[in-house]
Amino acid sequence: MKPPVPYPLLIAGLAVFVVALAFLSMIVGPATAGTFELFDMMAHEKADVAWMIMREVRLPRTALALLVGMTLGLAGAALQGFLRNPLADPGIVGVSPAASLGAVLALYTGLSTAIPLALPLMGILGALLCALLLHGLARRGGVLTLVLAGVAVSSLCAALMSLALNLSPNPYAAAEIMFWLMGSVTDRSMDHLLLAGPLMALGWLILAASARSLDALSLGEEAAAGLGVNLARTRTLVITGTAISVGAGTAVTGGIGFIGLVVPHILRPLVGHTPSRLLLASALGGGALLLAADILVRVVMFGSELKLGVLTALIGAPFFLWLIFRARTELES
Amino acid sequence: MKLEGKGISVEIRERELVSGASLHLSGGELVGLIGPNGAGKSTLLRAMLGIRDTSAGEVLLDSKAFLSLPARERARYVAFLPQERRVEWRLPAYDIVMLGRYPHQATFGSASSEDRAAVNRALDAVDGHELRDRPVAVLSGGERTRILLARALAVEAPLLLVDEPTAALDPYHQLHVMEILRDRARSGAGVLAVMHDLALAERFMDRLIVMNSGSIVADGPPRSVLTPELLASVYRIAGSPPQRLA
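From first to last, the protein sequence lines are chains E and S. Letter by letter, the first sequence follows residues 1 to 333 of the numbering used here. Letter by letter, the second sequence follows residues 1 to 246 of the numbering used here.
There may be inaccurate statements among the hints.
Okay, the calculated beta carbon distance ranges per label pair [claimed, not checked]: (1) 227/S with 151/E: 48 to 56 angstroms; (2) 113/S with 9/E: 19 to 27 angstroms; (3) 15/E with 13/S: 51 to 59 angstroms; (4) 65/S with 144/E: 29 to 37 angstroms; (5) 38/S with 139/E: 42 to 50 angstroms; (6) 203/S with 326/E: 32 to 40 angstroms; (7) 167/S with 136/E: 31 to 39 angstroms; (8) 151/E with 63/S: 45 to 53 angstroms; (9) 144/E with 213/S: 24 to 32 angstroms.
What the simulated footprint calls covered on chain E by chain S, stretch by stretch (three residues with Cβ under 8 angstroms from a Cβ of chain S suffice, anywhere in the stretch; the number is not a length) [said to hold, decoys possible]: (10) 212-223; (11) 226-238; (12) 273-281.
Hints are computed from structural coordinates only; laboratory data are not their basis. Just so you know, even glycine gets a beta-carbon here, dropped at the ideal spot from N, CA and C.
Work out the full structure, taking the sequences as your base and the hints as a guide.
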């Protein structure tokens, strides 16, 4: 099937959409510093305060929503291509749960208050350890081993996080862990951005290097190997790239679900089902979706601000159900 | 160009799937690799291609060590059509055939005019131009085999190894596929095909290699290979060779 829009046009359109949403994200805020208040401050003598809000609060928040959204979209597309399974997402190989566990341990042990940035660093460490484990387990096995190992790692991480909650010294500590797990880009500083940004970019480059092998894998592993695809190298690229980028992202924002699952799904027909072309499109789509979701949580108020991860799950899960409902004939064929 | 396997053995958990197999394939010939299920035909093919580890033996391409070449270079010399016919995603036939150009393209490169010309030649060869925009996932078995064969032809490698190209096809499509392979051999490529249909093998192949229990037991022109004694010992069937059935 031919893609309904030419690929360059699709990419350009998505890029314009992302830039527009990023701009919107810089100027839309909660009531105390809403759009009009911000412009009002700029027009009058309080321009300094307005710029400070923009630079210190909105910029890291916008940039993180964009980068993490791009990471989730890209990693989701790469994993779906590699595993040749439209239901794969960064959670399925255990990387995001492992990053969450690292961060939870930092919160639980109090390391996060003692050392600045201990929380994201522990998160990244968790993701990398998970990647090492997956490499060890999947070196001799195939795709199925990798997925099963991922499920096992996810379950173990979930169990250990429950243990941390169970043993947490007081309700406040437990609440802190719970809130962090919900996922958010609120109140993140430039330090978070500078720590996670370069790592995410590094992960993207590693994932991008696997792009053409993913196309060849559409023919199955044997035919791909016959075309000169190095399966072990491709697996290393996909696992490492996902661990570094999603690990770094999850470590600063907490768990944000469904972006990596839903975005590649929506965009796949638009790129003509080609796995390599889906990577960039999904990255832009993921960035746009997370920016939009983050703008929405600022505008819609239910007494307290809705957590970003809660919103993506609330919208993502029913949407995904609808996708499955619509595409079930195709999935079964 | 000549691909040569010398004393190839493949072991898995101390069970020998292929033991000391020696065979060769030269440009211009159409060779059938036959033998009962589990004889080790597909395993031998994979070992020759270097996508399966060997426990002994060597593979030579024009007397040079083939398996020590980089994977992509190997893929440019020897094209491979595996038995697996499943195609993931709803990729159109044209894009699937273009994947045959993978060994010729740079990691971040896009299709050159030479690549597009090769894809068109491959589609010509299988008579598949009217299928080019249709998703391979919805094609019939015969159409899908033609497109996947075009994918292997699009590599434009001097040698081609195909695993059961006529499996699950009706007689018309079986003949069509065999004619495509024969045309390929007549235009100078060396083609080695794993086959189960002895009548087709006898009719089309220049030479037959027979495998049984991991070893090569016969190699030669079809008429001298397909004897009643061989059918009895290898296939455990009593009967006359196919040329006398026809």
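Hint by hint, here is what the structure shows:
At about 55 angstroms, the CB distance of residue 227/S to residue 151/E agrees with the hint of 48 to 56 angstroms. Roughly 22 angstroms separates the CB atoms of residue 113/S and residue 9/E, a value that falls within the hinted 19 to 27 angstroms. A beta carbon spacing of about 52 angstroms between residue 15/E and residue 13/S agrees with the range 51 to 59 angstroms that was offered as a hint. For residue 65/S and residue 144/E, the Cβ-Cβ distance of about 33 angstroms falls inside the hinted range of 29 to 37 angstroms, so the restraint holds.
For residue 38/S paired with residue 139/E, a C-beta distance near 28 angstroms fails the hint of 42 to 50 angstroms. Restraint check, residue 203/S to residue 326/E: a C-beta distance of roughly 49 angstroms breaks the suggested window 32 to 40 angstroms. As the Cβ distance of residue 167/S to residue 136/E is approximately 37 angstroms, the hint placing it in 31 to 39 angstroms holds. Judged by the Cβ atoms, the range 45 to 53 angstroms given for residue 151/E and residue 63/S holds: they are separated by roughly 49 angstroms.
Distance hint check: the CB atoms of residue 144/E and residue 213/S are about 30 angstroms apart, consistent with the given range 24 to 32 angstroms. For the region 212-223 of chain E, the proposed coverage by chain S is satisfied: 9 residues have a C-beta within less than 8 angstroms of a C-beta in that chain, meeting the threshold of three. Given as covered by chain S, the region 226-238 of chain E passes the check, having 5 residues with a CB less than 8 angstroms from a CB of that chain where 3 are the minimum. Counting residues of the region 273-281 of chain E whose C-beta lies closer than 8 angstroms to any C-beta of chain S gives 3; at least three are required, and the coverage claim holds.
The structure does not agree with the numbered hints 5, 6 stated previously, though it agrees with the rest.
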